[in-house]
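Model the full structure from these sequences, guided by the hints.
Chains L and U are the protein sequences, given in the same order. Be aware that the first sequence starts at 40, since it is given in our numbering, and climbs by one per residue. Be aware that the second sequence starts at 437, since it is given in our numbering, and climbs by one per residue.
Warning: the hint list may mix true and false statements.
Unchecked claim - Straight-line distance between alpha carbons at most 20 Å, and here's what the computed SDA-like set of lysine to any residue pairs gives:
# : chain 1 : residue 1 : chain 2 : residue 2
1 : U       : K788      : L       : R104
2 : U       : K888      : L       : D155
3 : L       : K179      : L       : R193
4 : L       : K151      : U       : R778
To be verified - Examples of chain L residues toward chain U, derived with CB under 10 Å:
#  : residue
5  : N55
6  : G61
7  : N103
8  : L135
9  : V139
10 : P146
11 : Y159
12 : I163
13 : K183
Rather than coming from a laboratory, the hints here were simulated on the basis of the structure. This one's a predicted model, so the numbers in the text were calculated from it and none came from an experiment. Note that CB positions come from ideal geometry on N, CA and C, so glycine has one too.
This is what each chain is made of:
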Amino acid sequence: MTNMRMTEQDLGVRENKIEARGVDVFYADTHAIKAVDVDILDNTVTSFIGPSGCGKSTFLRCLNRMNDTIPICRVTGDIRMDGNDIYDRSIDPVQLRARVGMVFQKPNPFPKSIYDNVAYGPRIHGLVRDKAELDEVVEKSLRKASIWEEAKDRLDQPGTGLSGGQQQRLCIARAIATAPEVLLMDEPCSALDPIATAKIEELIDDLRTSFSVVIVTHSMQQAARVSQKTAFFHLGNLVEYGDTQKIFTNPEDQRTQDYITGRFG
Amino acid sequence: MPGLIILAILAIAAVFFSLSRARALNVSGGQLSNLHSRPFYHGLYSLLWVAIIGLGVFLTVLFLGSNLINMLLLGEAREAFPDGSTIEYQLLMNDARAIASGGIPSRVDTLREALAGKYATLENIYAMSLLILPAAAALLTGAVTLRQVDVNWRARNRAERVIRFILLGAAVIAVLTTIGIVLSLIFETLNFFNNIGWRVDKYLFGTRWSPLSGVHDGSMDADKVGAIPLFAGTFLITIIAMLVAVPVGLFAAIYLSDYASPKVRAWAKPMLEILAGVPTVVYGFFAAITVAPFIRRTGESLGLSVASESALAAGVVMGIMIIPFISSLSDDVINAVPQSLRDGSYGLGATKAETIRQVVLPAALPGIVSAVLLGISRAVGETMIVVMAAGQGANLTLNPLEAVTTVTVQIVMLITGDTEASTAAGPAFTLGFTLFCITLVLNVIALRVVRKYRELYD
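Below you can see the structure in the form of structure tokens.
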């Protein structure tokens, strides 16, 4: 499986979607992220791993400026998407987030019907002209998130009535419907059972054909299964970044070696 | 005197607490683990029973005693003076009491003197028994519970059961009081309807309210008890108040919960809550002295005729009074909407306004609806502001610039007016009961609405 993916990866030449250089993040006086450089490739799944509190989620939230919603948080350094500085004053974080979608750790469907949950993004961004088009986007997104079969007969029922795994797939469908270029996933499977996790991992692999996916995970097996690139964070530093296979089989840094063999973390 | 007796009973209870505890320690033979219950519970068990029995006997003697004296004297009086009216007997008793206690009776004769003597003796016995009976009962109970102290005596379980019954009693008192109030409202209402010859339709749909005009013999004219103008006035003022309070309160809550910086919130929220602490009397004269003349002047400069006491003035001030209730409660429910929902919406590229309108407010809706309904019940029942600022004439109009009257104002006028209370109580209780029914229906509807949305949004 891994081998097949590696060949697949070698076929296409991928461009940098997001380039981060010298990124520092402070929560009030706490220095949470220290001088991190990362390139996120297009049409690639990149996983961020590391022990709790190492700053991987914080860094993920820099990529769509979700940290702006936290008053005490300050981000410095340079993050470019398609060559444009996303922290430039001319960039509206609202528009940026439409291009960089996000799926959260805990499923958070809105208190609306399943249909309205998925239609939320297309509606606020005016992506569709009429009801028929919206129906199509909703169906396509639900299909992509592989929840269409379970949800098609209950589209008008509240999204909160679904099971945890279904809710998380609904949230992924909701993120897909906005047609983002990058999809950020913050431990999307941590609240799910193994079956739902497998479904979502499969889904992530499919999504790679359309977007660049960045996933934060605590499960090293998951990182190995779904990603082509892996970044290991420790105490706010990016310790090592490279091809997933290399990180898990032949890491350069001793700390990476210790973490993936379970010696700490 | 009664205060001293209560204190004495409590002191006896405290004494038996320490006696029982000491006895429990004693029978344990220094080995506490021998006891089923800790010494404290043995003490507590004694204390509870002594206090309950002592106070129970005291209250029984207190209430039964004076009634018993009255009954005995009344029997005496009837024997000596067979066919008098109730009022005559009452006068007789009052005089006897006055003579006995050195007051000024209406008249002094032999029957009254005899009754007074009897009264004085009975009163002495009563005072003695009020002193002795509760103390004796308390001591006896204490002795019994003290004897029960034993290694295997389950004092903890029993004490806890007693406490459970005390709690139950408190709950029962609250419920019974409510039932009692409702029943008394119903009886007075039925009595009033009987007085107007069961023309309930005239009361509910009539448009002329002047219940006490020309009332001499207690019977009322069904044509003059039409409550429509009062309810129309109440609802007109309520609507004006809610038109002020709901938008301002809700927007203030949204600002405080989602836009204000922590610093602004830290002083703005307490300020709003101070507004809730202003006594309604203050709002009332504020409405009557400041707002009403202001509205009148403004209206006149626009060429409108405005009454000096207008529904608008009362409604606006009442709305201001209700703002803090709506804003404070809504702020709480809006804050209770999980941050994860907001994050989810921001993560899809929604703006703050879109997030609040489409995600936060729908999720907070049940709470906001109940806040608004609470505001409405306050507006409907509010009295002080409307007494001062709304007017007293029952005037059926929907023009907010005219004076209207409300249900609460009319109740105040009936009760504080110089008509005899028993006559005025009829219409007052009936209005109160109708108001109660309306608020009840509102609350039931509110609960239904909230439950319906809760199914959707939880």
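Practice prompt. Quick one: which hint numbers does this structure break? Sort them smallest to largest.
Written response: 5, 6 and 13
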